[in-house]
Amino acid sequence: NFGAKSVKEMENVFVDLASKERRNHILIGEGIDSGGHMFPGKAGKSVFPEQWSADKIMHEVSDIATDPSVVWVNQKGVQGALFTKKGDAARWVTDTVRDGVEIRVVIEPAGAGIITAFPRSGPGVIFNP
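The opening residue of the sequence shown carries number 25 in this note's numbering; numbering runs sequentially from there.
Rather than coming from a laboratory, the hints here were simulated on the basis of the structure.
Accuracy of the hints is not assured; some may be wrong.
To be verified - Within a straight-line C-alpha distance of at most 20 Å, the following computed SDA-like cross-link-like pairs (lysine to any residue) qualify: (1) 44 <-> 58; (2) 66 <-> 144; (3) 80 <-> 64; (4) 110 <-> 99; (5) 66 <-> 126; (6) 100 <-> 41; (7) 66 <-> 153; (8) 80 <-> 91.
In this text, all values refer to a predicted model and were calculated from it rather than measured experimentally.
Model the full assembly from the supplied sequences, consistent with the hints where possible.
Have a look at this one:
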């Protein structure tokens with residue numbers, strides 16, 4: 025019974041709302057210049073703190089994506105629009121802090137959901153040359 029679990033029992037329960045493809049992109053990456061932000065990370069990429077597991081990273085990204093207090097900005101076009109003038113799903117971006125780490129998250133609220141995420145700064149964040 026989910027309702028009967030204590031807060032302590034729920035501490036290590038992680039939520040991941042990204043598709044398998046987007047999770048792989050954020051954590052491992054594909055190709056030379058695409059994704060790969062889980063420690064040790066890909067060359068030329070910012071990397072989440074070493075102690076952050078894949079599940080923790082995706083949980084924080086999912087938490088940001090669903091947090092009603094987060095301020096989102098459209099990457100292109102009219103602010104708050106769900107679609108571009110061409111009819112494509114609009115992408116929204118935010119830079120939000122979780123556990124001291126500033127994370128950029130990009131979503132398509134009327135499309136594919138979570139698109140990408142990466143750490144921008146904070147304790148344990150490194151930048152691979």
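Comparing the hints with the structure gives:
1. 44 <-> 58: 15 Å, holds
2. 66 <-> 144: At roughly 15 Å apart (the allowed maximum being 20 Å), residue 144 and residue 66 satisfy the hint.
3. 80 <-> 64: Given that 20 Å is the threshold and the Cα spacing comes to 15 Å, the pair holds.
4. 110 <-> 99: 14 Å, holds
5. 66 <-> 126: Roughly 19 Å between the alpha carbons, so the hint for residue 66 and residue 126 holds.
6. 100 <-> 41: Distance ~24 Å between residue 100 and residue 41 Cα, so the pair is violated.
7. 66 <-> 153: Judged against 20 Å, a Cα distance of about 9 Å means the pair holds.
8. 80 <-> 91: 16 Å, holds
Going down the numbered hints, you'll see the structure goes against just number 6.
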